[in-house]
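Student: Each chain is listed here by its residues.
There are 2 protein chains.
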Amino acid sequence: MKYPGKANSEYKPTISYGNRGMTLEEDINLSNDFYRDTDRAVIYKKPTPITISKVEYNSNKERVIKEAYFKIPSTTDYNGIYRGKYIDFEAKETKLKKFPLINIHNHQIKHLEKVAKHGAIAFLIVRFTTLNETYYLDIKDLTYYLENVKKSFISYDYFNEKGYLLKERYNPRIDYLSVIDDIYFKGDLYEKDK
Amino acid sequence: MKYPGKANSEYKPTISYGNRGMTLEEDINLSNDFYRDTDRAVIYKKPTPITISKVEYNSNKERVIKEAYFKIPSTTDYNGIYRGKYIDFEAKETKLKKFPLINIHNHQIKHLEKVAKHGAIAFLIVRFTTLNETYYLDIKDLTYYLENVKKSFISYDYFNEKGYLLKERYNPRIDYLSVIDDIYFKGDLYEKDK
Numbered sequence: 001m002k003y004p005g006k007a008n009s010e011y012k013p014t015i016s017y018g019n020r021g022m023t024l025e026e027d028i029n030l031s032n033d034f035y036r037d038t039d040r041a042v043i044y045k046k047p048t049p050i051t052i053s054k055v056e057y058n059s060n061k062e063r064v065i066k067e068a069y070f071k072i073p074s075t076t077d078y079n080g081i082y083r084g085k086y087i088d089f090e091a092k093e094t095k096l097k098k099f100p101l102i103n104i105h106n107h108q109i110k111h112l113e114k115v116a117k118h119g120a121i122a123f124l125i126v127r128f129t130t131l132n133e134t135y136y137l138d139i140k141d142l143t144y145y146l147e148n149v150k151k152s153f154i155s156y157d158y159f160n161e162k163g164y165l166l167k168e169r170y171n172p173r174i175d176y177l178s179v180i181d182d183i184y185f186k187g188d189l190y191e192k193d194k
Numbered sequence: 001m002k003y004p005g006k007a008n009s010e011y012k013p014t015i016s017y018g019n020r021g022m023t024l025e026e027d028i029n030l031s032n033d034f035y036r037d038t039d040r041a042v043i044y045k046k047p048t049p050i051t052i053s054k055v056e057y058n059s060n061k062e063r064v065i066k067e068a069y070f071k072i073p074s075t076t077d078y079n080g081i082y083r084g085k086y087i088d089f090e091a092k093e094t095k096l097k098k099f100p101l102i103n104i105h106n107h108q109i110k111h112l113e114k115v116a117k118h119g120a121i122a123f124l125i126v127r128f129t130t131l132n133e134t135y136y137l138d139i140k141d142l143t144y145y146l147e148n149v150k151k152s153f154i155s156y157d158y159f160n161e162k163g164y165l166l167k168e169r170y171n172p173r174i175d176y177l178s179v180i181d182d183i184y185f186k187g188d189l190y191e192k193d194k
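Protein chains in written order, with this note's numbering: chain A, 1 to 194; chain B, 1 to 194.
Keep in mind the hints are simulated off the structure, nothing from the lab. One thing to keep in mind: the hints can contain errors.
[Stated by the list, open to error] Dumping the calculated EDC-like pairs for lysine to aspartate or glutamate here, alpha-carbon to alpha-carbon at most 20 Å:
1) B:Lys46 x A:Asp33
2) A:Lys167 x A:Glu25
3) B:Lys71 x A:Glu62
4) B:Lys98 x B:Glu133
5) B:Lys110 x A:Asp33
6) A:Lys54 x A:Glu67
7) A:Lys92 x A:Glu161
8) B:Lys66 x A:Glu56
9) A:Lys117 x B:Asp37
10) B:Lys167 x B:Asp157
Turn these sequences into a full structure, and let the hints steer you where they fit.
Tutor: And the structure:
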């Protein structure tokens, strides 16, 4: 258990974890731990892609990577399954009051569009760190913006208008699956997986 | 294009790539490249999980990992989406005429069972290298074996009886999605994603 509170109790935290400098990545990882432990979804962050060029054995006969390089990721950071659907997303922070598109690789956007075409639930999570606000932006709204607004950034107002504000809580830290329930499963009777 | 043949032509290879010592991982990666290029599925191998302990800058101001360790993977190596379904699998080779369970981490089996419970298509691909035979074994048959046969390995005969032999071809190298069509979409009219 890496998230605050206990998996088998009622998830009442004993200490406040409110905004004490956790990164978006940490918040999402804790949320995914919580979702998995409560069997709501199985979503993981992928490992960092690297190219290994030198491996040696240390005195414990353990393999140690002695030289490796960071690779440009071919896909997004997070994927998994929720309510039978394939989930795929990328998460980014920005200090600005807009989201510069340089923050996300173009082929990552193409990847999100491609999996969405195959039936995935695909989206961005963007945190405006100076405002302390985190938004869910669905791939369809991202695509719409890119096709219709020829700018090098996505405006904060667009997140405000088309995105979904993800409130910070204790468990899960950011409950992005509830937004997915609203967008993709509205009207469905929520049935927990047996 | 990393697989033999051309993406935009009829996939007629000019050289024979038959069994010239490609590993199962290489064959699966080429198959996944082919599936993606033909827009049949979006399935990737995850990067190798590592713990980075030292990063330096080289003379080109490039970040170089100078010390890192291999981690035990929490999940499986491959996942993605096919015909709207979440796909998740692990691939292993063995030189023996049985599959020793020590070749797969127990939590990887648990992971496959968990995602299957959430609606995924989950399975193992096992290659018997000395026989040059590669099998698809569905998670339900893996679970059945583990629960009913108390052995430290899965017998070759079980793969023969319950698994699906994956014939090696040019493109895709091993067409595991056709097996999925048979098991999961039998009777469906195959509709290519638009």
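Student: Holds or violated: Lys66 of chain B and Glu56 of chain A, Cα atoms, limit 20 Å.
Tutor: 11 Å, holds
Student: Given the hint that Lys46 of chain B pairs with Asp33 of chain A, does the C-alpha gap stay at or below 20 Å?
Tutor: 19 Å, holds
Student: Is Lys98 of chain B within 20 Å of Glu133 of chain B, Cα to Cα?
Tutor: Holds: Lys98 of chain B and Glu133 of chain B sit about 12 Å apart, inside 20 Å.
Student: Is the straight-line distance between the alpha-carbon of Lys54 of chain A and that of Glu67 of chain A 20 Å or less?
Tutor: 5 Å, holds
Student: Within a Cα-Cα threshold of 20 Å, do Lys92 of chain A and Glu161 of chain A meet the stated pairing?
Tutor: 19 Å, holds
Student: Can the restraint linking Lys167 of chain A and Glu25 of chain A be considered satisfied, given a maximum Cα separation of 20 Å?
Tutor: 15 Å, holds
Student: Within a Cα-Cα threshold of 20 Å, do Lys71 of chain B and Glu62 of chain A meet the stated pairing?
Tutor: Holds, at roughly 11 Å.
Student: Verify the proposed pairing of Lys110 of chain B with Asp33 of chain A, using a straight-line Cα cut of 20 Å.
Tutor: 16 Å, holds
Student: With a cut-off of 20 Å on the C-alpha distance, tell me whether Lys167 of chain B and Asp157 of chain B pass.
Tutor: 17 Å, holds
Student: For the pair supplied as a hint, Lys117 of chain A and Asp37 of chain B, is the alpha-carbon distance within the 20 Å limit?
Tutor: 14 Å, holds
Figure legend: structure checked against the earlier numbered hints; every hint is met.
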